[in-house]
Structure formats: structure tokens, C-alpha cells
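Student: Sequence:
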Amino acid sequence: MNKHPASGSIASLLTIVVVSPFFVALCFDLTSQNISQAATVYSQTNPDEPRRSFSSGTSQIVADNFVLTGSSQNVVRSLRFVGGYGLTMPPPLTPPLDSLPNDDFRVIFFEDAGGGPGVPVVNGDFSSPEVVVRTPRSGPLLNGIYNPIEYWLDLGEGIALSTSAVYWLSISNDAGDEHFWGWARGNYSYDANLASTFDSVESGPWQVGSGGGMWFELNNVNVPEPASHVLLSIALSTALLSHRRRSADF
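Going by this note's numbering, the first residue of the sequence shown is number 2, and it counts up by one from there.
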């Protein structure tokens, strides 16, 4: 008599968890619901039409300014934004969604200095923050070519920002030698000024112009653990418990 009938059940359960489209869709839906409950500190998420993006990576880096309202101080612990990838070798088209490159993001919050990015805010330079969510978005292609991707980055303990002060946010991504990354444009909430530099992101010099705004949202809670991980843990725990109970019956 088979003393370990549950081992096959665990394998079947794992197969269901991995390949079931319903399960995958449910995971994404629950993750989105959890993240949507985040308390928004600042939002600038109306896309620029036609949907466009600016390259922000290893050469040109882009920054946008913003002002917080509300309480006297806000802690930013996560941010959401939209961007997309292109290939550096001709033709410069977007890569397939199933072969997206690895990300190496850098997020910097700057003080304002005479209408442009100044020095980084204390504890406001985040190198390689955790990319918790990276999922395709519907809607028009960026620049008519690149698939828009939505990102959620977790900033750990975050950064405290004061109300009514002008700050600048820079998001750049080193996607490797074969790809470049662009940050999606958004209708500005504060003003139409944008800054860019082809030099040091820490010290510039920055060129400021009235180019519009960038697409981003700041939140004061950390990004929840993806629902897929949570549900997988529950499924495995249930399977193991079932295995123990069945083993005890033989």
C-alpha cells in the first residue's frame, strides 16, 4: 500500500498554481487591488496624448518637479510610474514582452535650486530599489512604437518630504547594452517644466525647459507582497497539511 499518496497531490497542485490562467489572472487582480489601497501622496497619472516618452537611462536622464499639499510632512515609501523598452540596434523596436531585460533603476529626489534640480535630498538617492510589479498596460504605444509597462518600486523606509516645497524627481534605468528605457510623459500637475542632463545625475548641469510633465505617482505605504506569492504560500501550506493528514490515516 502506498504510504505517501499526497506527494502526487502536491505535484498536481503545483501544476495548477503555475499554469492555470484563472489563477494567474486572480493573482494579478488581487495584487492590483492591494496596491490600489495605497495612500497617495502625489499623483500625475493622466497620460500625455499622443502617448510619448523621454529616454532616461545611461545617457540622457530626465527629472520632473512637483509640490506636495496636505499634511506638514509626507513620507514617500513607494512609487508607481510607466515606461517602456526599445532595442538599441536597428530597427529600434520594442522587445517581446516575454523577453524584457533586467532593470537597474535609480530614483533620486532633488531640492529645487533656482528652478532646476539642485542637490539630492538627504536619504533621497535610491540605487537599485526593489521592482515589486512590472506589468504591461493597455492603451496606445509609447511614441507609437514601445509597449507601455507599469512599475511599482518599493523604497523601504522611504523619504520625508515637506509640504509646499518644490522637489524634483529623477527616474532612470540601465536596461543593458542592447536596450534603452523611456519614461512615459504625463499631463503636469504643478507646472510644465522638465529638466534633462547628459552628464552627472548628482550634479548636472541640468537643462530646464517647458516640456510638460512625466507620469508618476508617490505613495506613503510600502508595496504589498505580490498576491501570487501569497496565494502560492497558502496553496503549498494546504497541500502539506493535506499530506500530513493522509499520511496519518495509513
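Be aware that one or more of the hints could be misleading.
Listed next, with one range per pair, are the computed distances between beta-carbon atoms [stated by the list, open to error]:
no.	residue 1	residue 2	range
1	Gly145	Val123	18 to 26 Å
2	Asp113	Gly71	17 to 25 Å
3	Met90	Val120	20 to 28 Å
4	Pro130	Ser163	19 to 27 Å
5	Glu158	Ser100	15 to 23 Å
6	Gly177	Phe199	18 to 26 Å
7	Asp105	Leu142	19 to 27 Å
8	Gly115	Gly157	28 to 36 Å
9	Met90	Gly115	35 to 43 Å
10	Ser44	Asp178	14 to 22 Å
Hints in this document: simulated from the structure, not taken from any laboratory. Values in this document were obtained by computation on a predicted structure and should not be read as measured data. C-beta: ideal position from N, C-alpha, C; glycine also.
Student: Confirm or reject each hint.
Tutor: Results for each hint:
1. Gly145 <-> Val123: 18 to 26 Å: For Gly145 and Val123 the Cβ distance comes to about 40 Å; the hint is violated.
2. Asp113 <-> Gly71: 17 to 25 Å: With a Cβ separation near 19 Å, Asp113 and Gly71 satisfy 17 to 25 Å, so the hint holds.
3. Met90 <-> Val120: 20 to 28 Å: Cβ of Met90 to Cβ of Val120: about 37 Å, so the range 20 to 28 Å is violated.
4. Pro130 <-> Ser163: 19 to 27 Å: Because 22 Å falls inside the window, the suggested range holds.
5. Glu158 <-> Ser100: 15 to 23 Å: At roughly 34 Å between Cβ atoms, Ser100 and Glu158 fall outside 15 to 23 Å, so the hint is violated.
6. Gly177 <-> Phe199: 18 to 26 Å: Holds, since Gly177 and Phe199 (Cβ atoms, about 19 Å apart) stay within the stated range.
7. Asp105 <-> Leu142: 19 to 27 Å: 24 Å, holds
8. Gly115 <-> Gly157: 28 to 36 Å: 31 Å, holds
9. Met90 <-> Gly115: 35 to 43 Å: Given about 40 Å between the Cβ atoms, the range holds.
10. Ser44 <-> Asp178: 14 to 22 Å: 34 Å, violated
Violation of the numbered hints given earlier is confined to hints 1, 3, 5 and 10; the remaining hints are satisfied by the structure.
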